[in-house]
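Go by the hints and put chain B onto chain A.
Protein chains in written order, with UniProt numbering: chain A, 1 to 513; chain B, 1 to 393.
FYI, nobody ran anything at the bench for these hints, they're computed from the structure. Fair warning: this is a prediction, and the values are worked out from it, not measured in the lab. Don't be surprised by glycine CBs; every beta carbon is placed ideally from N, CA and C. What you were told as hints is all true, and nothing was included just to trick you.
From the structure, some residues in chain B lie toward chain A, with a derived Cβ separation under 10 Å:
(1) Ala257
(2) Tyr266
(3) Gly279
(4) Val280
(5) Ile338
To list a few chain A residues with every Cβ distance to chain B over 12 Å, as calculated:
(6) Ala27
(7) Ile76
(8) Arg236
(9) Arg249
(10) Gly458
Cut-off 30 Å, straight-line C-alpha distance, at most; resulting in silico cross-link-like pairs (DSS-like, lysine-lysine):
(11) Lys220(A) / Lys351(A)
(12) Lys331(A) / Lys283(B)
(13) Lys351(A) / Lys281(B)
(14) Lys408(A) / Lys281(B)
(15) Lys217(B) / Lys408(A)
(16) Lys281(B) / Lys325(A)
(17) Lys331(A) / Lys281(B)
(18) Lys134(A) / Lys119(A)
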Amino acid sequence: MTTNILEMRNITKTFPGVKALQDVSLAVQRGHIHAICGENGAGKSTLMKVLSGVYPAGTYDGEIVLEDKTVEFKSINDSEASGVVIIHQELALSPYLSIAENIFLGNEQQKNGWIDWNKTNLEASKLLARVGLKDNPITKVMDIGVGKQQLVEIAKALSKEVKLLILDEPTAALNDEDSAHLLDLILHLKGQGITSIIISHKLNEIKAIADEVTIIRDGKTIETLDMHSDQITEERIIKGMVGRDLESRYPDHTPHIGEEILRVENWTVHHPLDHERKVVSNASISVKAGEIVGIAGLMGAGRTELAMSVFGHSYGYNISGKVYKNGTEIKTNTVSAAIDNGLAYATEDRKHYGLNLIEDIKRNVTLAALGKISRAGWVDSNREVVVAEGFRKSMNIKAPSVEALTGKLSGGNQQKVVLSKWMFSDPDVLILDEPTRGIDVGAKYEIYGIINRLADEGKGVIVISSELPELLGICDRIYTLSEGRITADVPRNQATAEYLMQHMTQEREKDHA
Amino acid sequence: MSAFGSALNYLAGQLRQIGLFIALIAIIIFFQVATDGITLKPINVSNLIVQNSYILILAVGMVMVIIAGHIDLSVGSVVAFVGAMSGVMITQWNIPWWVAIILCLILGALVGMWQGFWIAYFGIPAFIVTLAGMLTFRGLTQITLQNQQISPFPTEFRALGSGFLPDLGGGTSFLEPLTVALGVLATLLLVAQAVRSRVARKKYNVEDEPLSWFLIKLVFTAALILLITYLLASYRGTPIVLIVLGVLTVAYSAVMARSVFGRHVYALGGNLNAAALSGVKTKRVTFQLFVNMGVISALAGLVFTAQLNLANPKAGDGFELDAIAAVFIGGAAVTGGIGTVTGAIIGGLIIGILNNGMSILGVGTEYQQLIKGLVLLAAVAFDVYNKRRSGGR
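If we strip away everything but chain A, and leave its shape as in the complex, we get:
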């Protein structure tokens, strides 16, 4: 018996016209945590879909050996029966069902076709204890946060007697606290003999918990690194991922800061369903021309809510406060009023709020400012193509033409389309909500360059991000937000991750005391 629980040998998977995986091999040692790294589109998810039977045996070439036996999974059911469970990036829980019902979905605790509710809830609470969740198993999944939902997914995997757990970007949607808890849990499960494969963009997490890391680039295995060796740094992994040294993860930028361009004063927003609850409380922020201002806050601090409520009251109930542009008060009650006043908001959720995925690049780019290419209500479709083509070149959007559907682009290119849309509306202030979420290292660097360019054109840029290094890398000034309150306003030269984190958690500690 070898020490490898899993070996994937020479996997090649071809889609019409594209070789997604080419001769990829992967060996995972029993009881280890094995990370897989690579840029978006490198083939990580495809590899995991091959492993878990989403792409059934026969649709790929190569061999999968699980516990010294060659296996051919025809479906997810096959792989789960062998103890291989995959938890996808987008959680697959049913919001209206209870935690217990979700855990045993498709695997119901039954007697002659009738559900044994006592057993269901009892077994569920045992599993919840294993993942460190104290919630009642009859709680509906919609009533718990994303972090806890992730734990429910893991409990569900445990219920299937998992031997090899595959986690695809498990912390992508989690705040630092929940992420840390999840990583602890994965380590804890390792102690119980469960092997994990973790796909992640967050290199610090990989550094913290992985035993080995395999790097995939352009559908090929590049190398497998032993994380216990001292020479392995984040920079070393990045080098493997992008195939070159990235001298700096953030482009150099000398700011040229002018007059104040936008000021939001005493902004208060109530929750749309729970009218008593203040989601944003008396917040005041400002941005100057040419300035890049960051907003740091944990998940649930009210970052997106602040931005969206300012941008056309797109979120919230009973909104109060004032918005000044160049010193004069403006109304931003509707999105079109906000756009007319020179505001732009690029959402954190491209797929649901940013793009029309069944429409092409050009029509997405022009949607927010159709007036600029139309006369008397009629769109000049030729000028539209010229405009979109210009952005495709200047933003380096990788697509065969501006007539390509945005749904077929990679995350980084989709983000560039969103940014193009708002650049075309020619705003004075851009609010960018998680502009680099879910996009790869190379594309991130490009996005930072674009942000700098926008600032150099004299626009005010507000960047919301949950990655502190990113804010520290690109911002001239950073606000911290905690429970809807602005808790600090920190210039670049005084900002450190520790200092920011202290203020991001400020209010909570006071509550504990």
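Coordinates of chain B only, in the frame set by chain A:
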């Protein structure tokens, strides 16, 4: 991607439109052979256009509603209600026929405002609001008519449904001259417009369709228009309702393809949230769409009443389903965001020719229903299959 790949992509993108067209031609040829040439007899072609006109009119409004991600189940009842009101206005209130037409179109707009309000501003799904509308307007029709039929209507009013443009040949010429003139004019306009926009696209250096494909399409469409012109001209000339339909099709095709409003409709159906965050006034657009649908339903109601020379409490029963079927056969997406006016017209024609051909062949109505149902299913299945294949990963 290579030039060859993008050319292939171009044709793949056109596959649905080409397929639809080929299906239409294939069905026409099939019935032409099966009916021993009756299908394309001048009198039959004229009847086909006249008898399907109200479904085609409804399909033009319906495709816009469906592109926006909504549905309208009330159009059949609105057709009946407007028909009933036109009867009451003209025969009981003695209002001049042309004033009655205007009032009926305004009535349609009011119906649309009523439904649009609940859908757009109150947030009730269109399915529910228009299902309620289907019942309430049917009820109002019966109340208005007190379960009686109203007939007859004045000749001028009836011309809207079954009249023809005046015969300039005095009824003796081999081909009716006005129809020939209109047909030739339409063909010339089509060619001129196609060439002009191609030249403009060239000027802007926009990646364009291959020249050979452009020419094949143009020659084919022109030949089709001239064929229909020839057939109509050798019977009684141009049906007035064809002019109405032609204007509606051209105008709304332009609106959907080139106006800001049309763009907003596609944006709404493609991703409602993204549209709202891009400054599209989503509620207003939805409201306007339903007002528009109300007016178009009223127009269809007038055409139908004029054609039958009868306001009938049972009028328009099931029209909504024919219109919706036409839209989906015409390639619109069930989830919204995709569809074209011309597609809906072709979809409606396919249904119309199926009805007509099967009637000539003496196929019973039970089999007609069965076959229409299967055609609808096949058309949408083809779409779904296509999407899955091209969606790949």
